[in-house]
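S.K.: The primary structure of each chain is shown beneath.
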Amino acid sequence: MIASQRKRLTLELGGTGRKFSALPYLFLLPMLVSFFVFNLVPVFWSFGLSFTNYNLISPAHFVGLANYRHALLQSTLFWLAVRHTVWFVLAVPLGVTISLSAAFLVNALPWGQGLFRFIYYLPSALSSIAMGVLWAFLISFGSHSILSQVMADIGFPRGLNFTGPNLFLAFVLFSGMLVGWGPGMVIFSAGLRGIDQQIYDAGKLDGATGLKATWHLTLPQLRLTFMYVVITGMIGAFQVFESLFVIGSLGTGSQFGPLNSGLTLVPLIYEKAFSYLQFGYASAIAFVMLAVIMVLTVISMRLGQGGTALGK
Amino acid sequence: MANKPLPVGSEATGPAKTAVAVRSRPPAGRKRLLRKGIRLTWLYAIAVGLACLTAFPLVWLVITIFKPTYEIFQYPPTLFAHVYTLANLRYAISATFLGPFFNSLYITVVTSILQVLVNGLAGYALAKHRFPGRTVIFYILLSSMMVPFQIYLIPDFLIIKHLSLLDTRTALIITWVGSAGSVFLIRQYMLGLPDSTLEAARLDGASEWRTFFQIVVPMSTPVLGVVAIFSFFSQWNNLLMPLILIHTQSKYTLPLFLVFSPSSNPAQNMAAAFVTSIPPLIVFLLLQRYFSQGIALTGTGEQG
Numbered sequence: 001m002i003a004s005q006r007k008r009l010t011l012e013l014g015g016t017g018r019k020f021s022a023l024p025y026l027f028l029l030p031m032l033v034s035f036f037v038f039n040l041v042p043v044f045w046s047f048g049l050s051f052t053n054y055n056l057i058s059p060a061h062f063v064g065l066a067n068y069r070h071a072l073l074q075s076t077l078f079w080l081a082v083r084h085t086v087w088f089v090l091a092v093p094l095g096v097t098i099s100l101s102a103a104f105l106v107n108a109l110p111w112g113q114g115l116f117r118f119i120y121y122l123p124s125a126l127s128s129i130a131m132g133v134l135w136a137f138l139i140s141f142g143s144h145s146i147l148s149q150v151m152a153d154i155g156f157p158r159g160l161n162f163t164g165p166n167l168f169l170a171f172v173l174f175s176g177m178l179v180g181w182g183p184g185m186v187i188f189s190a191g192l193r194g195i196d197q198q199i200y201d202a203g204k205l206d207g208a209t210g211l212k213a214t215w216h217l218t219l220p221q222l223r224l225t226f227m228y229v230v231i232t233g234m235i236g237a238f239q240v241f242e243s244l245f246v247i248g249s250l251g252t253g254s255q256f257g258p259l260n261s262g263l264t265l266v267p268l269i270y271e272k273a274f275s276y277l278q279f280g281y282a283s284a285i286a287f288v289m290l291a292v293i294m295v296l297t298v299i300s301m302r303l304g305q306g307g308t309a310l311g312k
Numbered sequence: 001m002a003n004k005p006l007p008v009g010s011e012a013t014g015p016a017k018t019a020v021a022v023r024s025r026p027p028a029g030r031k032r033l034l035r036k037g038i039r040l041t042w043l044y045a046i047a048v049g050l051a052c053l054t055a056f057p058l059v060w061l062v063i064t065i066f067k068p069t070y071e072i073f074q075y076p077p078t079l080f081a082h083v084y085t086l087a088n089l090r091y092a093i094s095a096t097f098l099g100p101f102f103n104s105l106y107i108t109v110v111t112s113i114l115q116v117l118v119n120g121l122a123g124y125a126l127a128k129h130r131f132p133g134r135t136v137i138f139y140i141l142l143s144s145m146m147v148p149f150q151i152y153l154i155p156d157f158l159i160i161k162h163l164s165l166l167d168t169r170t171a172l173i174i175t176w177v178g179s180a181g182s183v184f185l186i187r188q189y190m191l192g193l194p195d196s197t198l199e200a201a202r203l204d205g206a207s208e209w210r211t212f213f214q215i216v217v218p219m220s221t222p223v224l225g226v227v228a229i230f231s232f233f234s235q236w237n238n239l240l241m242p243l244i245l246i247h248t249q250s251k252y253t254l255p256l257f258l259v260f261s262p263s264s265n266p267a268q269n270m271a272a273a274f275v276t277s278i279p280p281l282i283v284f285l286l287l288q289r290y291f292s293q294g295i296a297l298t299g300t301g302e303q304g
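Line by line, the protein sequences give chains G and U.
So for the first sequence, this note's numbering puts the first residue at 1; every next one is plus one.
So for the second sequence, this note's numbering puts the first residue at 1; every next one is plus one.
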């Protein structure tokens, strides 16, 4: 039965004797339909919307570059969100350095490498939302929070309020960095194991041992991996949303923290679109973000194989 | 919790072949041995310190859920509860919690299966079939990987609204199935499958579908496993899509439930958070082998 189906799907291409089969298209069909409807059309639709004042209720009117002009030239909120996002992006090289150092450490251990790698990866295997619930608990009740008391006990000023506008962003940033270096560590660790040992033998003849070997031989070998992890990390940092939303909602009682203190670009897009129904303006912000991310992705694709593969 | 070595990668337990190992020359006496001992002590001290840091969230969650409410606020926090209670855990098996839990489980499992099937077929077609348009389709998919999914957010909402699928679990599944990244990964992997085997199957009269399911799929388990894991993680933790597509409380997924219907008792919320972490943890433990391969394949362990 299946064989007959196959015959039906196969037809001769005029005289060439080559078979034209519809089967590959059939294989591709479900993916392409879903891709077309939910990914491809939306990119153009969103781009079109960014030149309108569409608000879900009244019909869209073309407004030219007004949305972009408003975001880039007039809106203080947009630039506030950009500044906050930049903090997350700038923190990436620091986090990646932790990953790299941890990889050196783990690979130097004579036994238990697997165990330590496993524990270091653990927070990334837990639900990120569940982690947010825990962080929110640790900072709730403002200056009387558990974290404030711990910080006071280890010598920081008493009564630090992590739910306040001054420290909320910093808290979300650092709590993420504190436990989020596991995946990078695994990548570097694999990279370190992949280095050809011959370069060290050759280096030894030239007197490169110990730290010198690390600096002149190991690090250059990891340069591409390092750049790749940094750039994919930065792309991720541009899209920060969940942690701010969960910790903000549960810990401080306001989405994205008090007084917009945790407002970054994706939260701004979400708020403008789904709280204020400014679909056109939100789309314009999304495209400004896309422009920056595309530059980073092109670089990362040249470095790695997959870019934001699976970055859905 | 993890008291036996569970290597993240199959090669994880191999000898340390780093720059540091290069430094250790053949032993030249007792002094040398002592120095090595001190160095190792330091290394393990730092390694254990870092392990405490990363294990902290899970340990804290586990400790907290067995404490009575008054004790979780106690300062300094107690490592072991004075009184143990199962009341918080009971909340995590109550109907309040199980509703969203099974919503999430249903959506995530269906999404993962469909992701493997739909993107697997597409990847196979792009890798092993020649047909007009193949290159164009591949490059369109490839370039779409540059687009952050937040771009799709507003149109996806409008499309789902037009399809009258707002506030359904189906909406969450269908917006998450097609993934250019997954197709790319699968294609790259399947390019490496030997054509001779596929040809042999065809000569034996196996249909294309049978070839796919009985030969290609078994030979591609590593990459399909990676796709399954990543789609499980990304859908399980998916917050933004349910946020805009779901409004009825009975249809909440776990992320929505944890944020919008928290219990007034924080200890119960922690129990809910802990139980929320269990399915991804199980997937991680069961499929660890694929996980490290995934990191090697994608160069990233992030789930976006």
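Note that these hints are calculated values from the structure, not bench results.
Hints are supplied without guarantee of correctness; some may be wrong.
Distance condition first, Cα-Cα at most 30 Å in a straight line; then the derived BS3-like pairs of lysine-lysine [stated by the list, open to error]:
#1 K36/U - K204/G
#2 K212/G - K36/U
#3 K212/G - K31/U
#4 K31/U - K204/G
#5 K251/U - K161/U
Computed footprint of chain U on chain G, listed as stretches where at least three residues anywhere in the stretch have a Cβ under 8 Å from a Cβ of chain U [stated by the list, open to error]:
#6 60-69
#7 75-88
Keep in mind the model is a prediction, meaning the values are calculated, not measured.
Glycine residues also receive a C-beta, built at the ideal position from the N, C-alpha and C atoms.
S.K.: Hint by hint, say whether it matches the structure.
M.R.: Okay, the hints, checked on the actual structure:
1. Among the hinted pairs, K36/U with K204/G is consistent with the structure: their alpha-carbon atoms are about 20 Å apart, no more than 30 Å.
2. In summary, the hint linking K212/G to K36/U is supported, as the alpha carbons are separated by about 19 Å, within the 30 Å threshold.
3. Distance restraint check for K212/G and K31/U: the Cα-Cα separation of roughly 23 Å lies within the 30 Å cut-off, and the hinted pair is therefore satisfied.
4. Pair hint K31/U plus K204/G holds up; C-alpha atoms about 23 Å apart against a cutoff of 30 Å.
5. At most 30 Å may separate the alpha-carbon atoms for a hinted pair to count; K251/U and K161/U meet this at roughly 16 Å.
6. Coverage of the region 60-69 of chain G by chain U is violated. Counting CB-CB distances below 8 Å, 0 residues qualify, and the rule asks for three or more.
7. Coverage of a stretch by a chain is defined here by at least three residues with a beta carbon nearer than 8 Å to that chain's beta carbons; for the region 75-88 of chain G and chain U the count is 0, and the condition is violated.
Of the numbered hints stated above, those contradicted by the structure are hints 6 and 7, listed in ascending order.
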